[in-house]
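Q: The lines below spell out each chain.
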Amino acid sequence: MTTAATRYSRSSSLALGLVLALLMVLGVGFAAFFISFANEETFAQETDAAILAEMRAARAIADGGKVAASQWIKEALEGQENSFLYALKHHDSGIIEGNLSDWPEQASASARAGLIKFKYMSQADGTHRDAVSRVMTLPDGSFLLVGRDVTTINTAQWFAQTFGWAMIVLFFGFAVACLIVGWYVANRMNRIADIADLIMSTGNLSERVPVDSSWDDLSKLSAVLNRLLDELETTIHGVKSVSDNIAHDLRTPLTRLRGDLDRLPDSETRSELLNEVDNILGIFTSLLRITAIETEKRKSRFAPVALEPLLADVVELYEPLAEDKNLQLMLKSSGAETHGDRDLLFQLFSNLVDNAIKFTSAGEVLITVGSEGAGASVSVCDTGPGIEKAERDKVLRRFYRVDKSRSESGNGLGLAMVAAIAKLHEAKLALSEGHAASPTPGLCCTVILPSL
Amino acid sequence: MRILVIEDDKDVIAYIQNGLQERGFTVDTAQDGKDGLFLATTETYDAIVADRMLPGVEGLTILTALRASDIQTPVLILSALSSVEERIKGLRAGADDYLVKPFAFEELLARLEVMIARNRSSGVEITKLTCFDLEMNLLTRQVTRAGATIDLQAREFKLLEYLLRHQDQVVTRTMLLENVWDYNFDPQTNIIDVHISRLRQKINTYSDVGLIETVRGAGYRMQAPK
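Line by line, the protein sequences are chains A and B.
In this text, residue positions in the first sequence follow this note's numbering: the first is 518, and each later residue adds one.
In this text, residue positions in the second sequence follow this note's numbering: the first is 6, and each later residue adds one.
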């Protein structure tokens, strides 16, 4: 689960998508604020202020009763391109004066305290319109109504609110779209990365990245990657066949040489020469084996391997050699199993033990087998001269020999073989100082193998 | 003894033929699969050495055909196809041994002789192996020399047993690794030599007569003194 989370959290496309989505959400916030702002209350305020101002003017003439009010209304209506509505009525009669045909009904709703909403029929074009008004009671009992048409304002308000909601929906839509795009791209990239990882870890160069379509950039990238893999596959096969050919071509004349030497009469010289030729042939065989192990990553011959009996066999094989040099060869094991090739693993540990015995003049060689976390750990430690830190990486190379070791027998391929086998088994190989209390630093080679 | 060599490489044929003839074998050769199969089925041989990649009929096909016709002549496959998978393929097809090219003639010879001898032995279970005054009882796991018991560790016993069973034959280091140690690998040093020298010391505890001879450039041979 966590791996899935990190795969997506490291994606720049998804991060970008998230950022844009957040911006969209901010937009939603603004739109929501806008909507709340553009409500009835805001619009009503302005209209009310105008009505109240007009009412204040009317108050001045209110004492004159309905006659004065009537006159005032007439003057007001004459003088302006007016949006005010006026109506004057006696408490029990119809409208005496004004530009309103009907008095608002008793049960009209109120927009705010004292301000009533109602519908009226326009005298100009006969359409039904909206208005708000205040009603003032004159001292003589008549009612004076001052109002304003709010049809346009209402429409504007409706538009504003609708616009606000539309924006909210739009922004949300964008936010989701951003996230989807981000996730989609991240997902595609992950798929491509997965296949690339698979190819690298299995060494199976015949795999290809899927190309989903021909128009989008990621598919174009995939197509390019595939062409790269084609080239790589061809090159690797070429290299492999070249090196195999070289080894084969050199081995044949060498074998013929050996055959010719073999036909010579038996003598000390013949033996020595045969040994030399066998040595060279051995080097070629080892070289080819190392390359084969490195390039062939199929693990079809892997099976469960019990490490304790395997190392016990190694110890038994090298025991006489250790005894001849007066070295202690010991195995400490708490048992462990791994998945691998029995013969190759035997080769690996045999090389390590062989080296340990070869380079240690006094003391011991200790082999420890146990579990290390989720894997199995085997270490071969000696009390020899050890290897300096700077050289520890280099000794794993083909033919590399530390100066101190040049006098000993060997061709410098032992550790290269160990490294190749370790890599095939996805094992970690580490060289460090030996831990026995001895005058010389000693060397510890630790191999950590994946467990079953 | 008659040997059939089926191989398309003229140099390799010459190499094998000369070597074997020098040692007293009669050698018939075939340079393509069809001729090889014909000879193998119409003539009698003590052993057949066959390459895998042949023009006409492939080595393994010849082998399968022979075994299908119940021809049990021991066959040694000689091939440049060296991977363990190929080796297993060859052995499964009915080969008695599988030797990888390029090879040392001595190795080929040793394996041929072992193969032929194995084929010749009767089906009777042997309970005792002897060489000169050395006796090994396979039932009691006791080893004696001139009557005196020699104490051997398990692996030393196995090594001695293999040498005794292949008395008078050359046994190469590779053969010993495969059969006595049951692992297929390339030792960096001649560790086998050390084990042999140990064994020699032990079996010579009560006698000065050496029974294990070092065959230079090839391997070892257990042999009663002439």
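Rather than coming from a laboratory, the hints here were simulated on the basis of the structure.
Note that the coordinates shown come from a computational prediction; the quantities given were computed from them, not determined experimentally.
Cβ atoms here follow ideal geometry from the backbone N, Cα and C, with glycine treated the same way.
Errors might be hidden in some of the hints.
[As the list claims (entries may be wrong)] Derived lysine to aspartate or glutamate pairs resembling DMTMM-like cross-links, with alpha carbons at most 25 Å apart:
(1) A:LYS911 <-> B:ASP191
(2) B:LYS94 <-> A:GLU833
(3) B:LYS106 <-> A:ASP766
(4) A:LYS875 <-> B:ASP187
(5) B:LYS231 <-> A:GLU785
(6) B:LYS207 <-> A:GLU840
(7) B:LYS106 <-> A:GLU833
(8) B:LYS15 <-> A:ASP766
(9) A:LYS875 <-> B:ASP191
(10) B:LYS163 <-> A:GLU825
(11) B:LYS163 <-> A:GLU833
(12) B:LYS106 <-> A:ASP779
(13) A:LYS842 <-> B:GLU161
(14) A:LYS842 <-> B:ASP191
(15) B:LYS163 <-> A:ASP830
(16) B:LYS106 <-> A:ASP795
(17) A:LYS875 <-> B:GLU161
(18) B:LYS94 <-> A:ASP841
(19) A:LYS940 <-> B:GLU90
(20) B:LYS163 <-> A:ASP841
(21) B:LYS106 <-> A:ASP830
(22) B:LYS15 <-> A:ASP795
[What the hints assert, rightly or not] Using C-beta positions, here's what the derived DEER-type ranges look like:
(23) B:THR132 <-> A:LYS849: 33 to 41 Å
(24) A:ARG787 <-> B:THR154: 34 to 42 Å
(25) A:ILE763 <-> B:THR210: 48 to 56 Å
(26) B:LYS163 <-> A:ALA820: 21 to 29 Å
(27) B:PRO230 <-> A:ARG780: 24 to 32 Å
(28) B:TYR167 <-> A:ARG787: 49 to 57 Å
(29) B:PRO230 <-> A:SER718: 58 to 66 Å
[What the hints assert, rightly or not] Now the stretches of chain B that chain A is said to cover, found in silico as 3 or more residues with beta-carbon under 8 Å:
(30) 108 to 117
(31) 183 to 191
Q: Now, for every hint given, state plainly whether the structure supports it.
A: Taking the hints in turn, this is what the structure says about them:
Among the hinted pairs, LYS911 (chain A) with ASP191 (chain B) is consistent with the structure: their alpha-carbon atoms are about 23 Å apart, no more than 25 Å. Between LYS94 (chain B) and GLU833 (chain A), the direct Cα distance comes to roughly 31 Å. Violation of the 25 Å bound is thereby established for this hinted pair. Under the criterion of a C-alpha separation no larger than 25 Å, the hint pairing LYS106 (chain B) with ASP766 (chain A) is consistent with the structure, at around 12 Å. Simply put, LYS875 (chain A) and ASP187 (chain B) have alpha-carbon atoms about 24 Å apart, close enough for the 25 Å limit, and the pair holds.
Simply put, LYS231 (chain B) and GLU785 (chain A) have alpha-carbon atoms about 23 Å apart, close enough for the 25 Å limit, and the pair holds. Restraint check: the Cα-Cα separation between LYS207 (chain B) and GLU840 (chain A) comes to about 15 Å, which is no more than 25 Å; the hinted pair holds. About 31 Å separates the Cα atoms of LYS106 (chain B) and GLU833 (chain A), which puts this hinted pair outside 25 Å; it is violated. For the given pair, LYS15 (chain B) sits about 16 Å from ASP766 (chain A) by alpha-carbon distance, which is consistent with the 25 Å threshold.
Straight-line distance between C-alpha atoms of LYS875 (chain A) and ASP191 (chain B) comes to about 16 Å, which keeps the hinted pair within the 25 Å bound. At roughly 21 Å between alpha-carbon atoms, LYS163 (chain B) and GLU825 (chain A) fall within 25 Å of each other, so this suggested pair holds. As the CA atoms of LYS163 (chain B) and GLU833 (chain A) are separated by approximately 13 Å, the hinted pair is consistent with the 25 Å bound. Among the hinted pairs, LYS106 (chain B) with ASP779 (chain A) is consistent with the structure: their alpha-carbon atoms are about 17 Å apart, no more than 25 Å.
With a CA separation close to 20 Å, the supplied pair LYS842 (chain A) and GLU161 (chain B) stays within the 25 Å bound. A C-alpha spacing of about 22 Å is found between LYS842 (chain A) and ASP191 (chain B), which places the hinted pair at or below 25 Å, so the restraint holds. A distance of roughly 14 Å separates the Cα atoms of LYS163 (chain B) and ASP830 (chain A); the hinted pair therefore holds under the 25 Å criterion. Distance hint between LYS106 (chain B) and ASP795 (chain A) is fulfilled; the C-alpha atoms sit about 14 Å from each other, no more than 25 Å.
For the hint linking LYS875 (chain A) to GLU161 (chain B), the alpha-carbon distance of about 23 Å falls within 25 Å, and the restraint holds. The hinted pair formed by LYS94 (chain B) and ASP841 (chain A) fails the criterion: a straight-line CA distance of about 41 Å is larger than 25 Å. Note on LYS940 (chain A) and GLU90 (chain B): the hinted pairing holds, with a Cα-Cα distance of about 20 Å set against a maximum of 25 Å. Pair hint LYS163 (chain B) plus ASP841 (chain A) holds up; C-alpha atoms about 21 Å apart against a cutoff of 25 Å.
For a cut-off of 25 Å, the pair hint linking LYS106 (chain B) to ASP830 (chain A) is broken: about 29 Å separates their Cα positions. Distance restraint check for LYS15 (chain B) and ASP795 (chain A): the Cα-Cα separation of roughly 23 Å lies within the 25 Å cut-off, and the hinted pair is therefore satisfied. At about 40 Å, the beta-carbon gap between THR132 (chain B) and LYS849 (chain A) stays in the expected band of 33 to 41 Å. Roughly 40 Å separates the CB atoms of ARG787 (chain A) and THR154 (chain B), a value that falls within the hinted 34 to 42 Å.
A hinted range of 48 to 56 Å holds for the C-beta pair ILE763 (chain A) and THR210 (chain B), which are about 50 Å apart. A beta carbon spacing of about 24 Å between LYS163 (chain B) and ALA820 (chain A) agrees with the range 21 to 29 Å that was offered as a hint. Evaluation of the 24 to 32 Å hint for PRO230 (chain B) and ARG780 (chain A) yields a pass: the beta carbon distance comes to about 27 Å. For TYR167 (chain B) and ARG787 (chain A), the hinted distance range of 49 to 57 Å is not satisfied, since their beta carbons lie about 27 Å from each other.
Distance hint for PRO230 (chain B) and SER718 (chain A): a CB-CB separation of about 60 Å, consistent with the stated range 58 to 66 Å. Only residues whose C-beta sits within less than 8 Å of a C-beta in chain A count toward coverage, and the region 108 to 117 of chain B has 4 of them, enough to reach three; the restraint holds. Residues of the region 183 to 191 of chain B lying with their CB closer than 8 Å to a CB of chain A number 5, which satisfies the three-residue condition for coverage.
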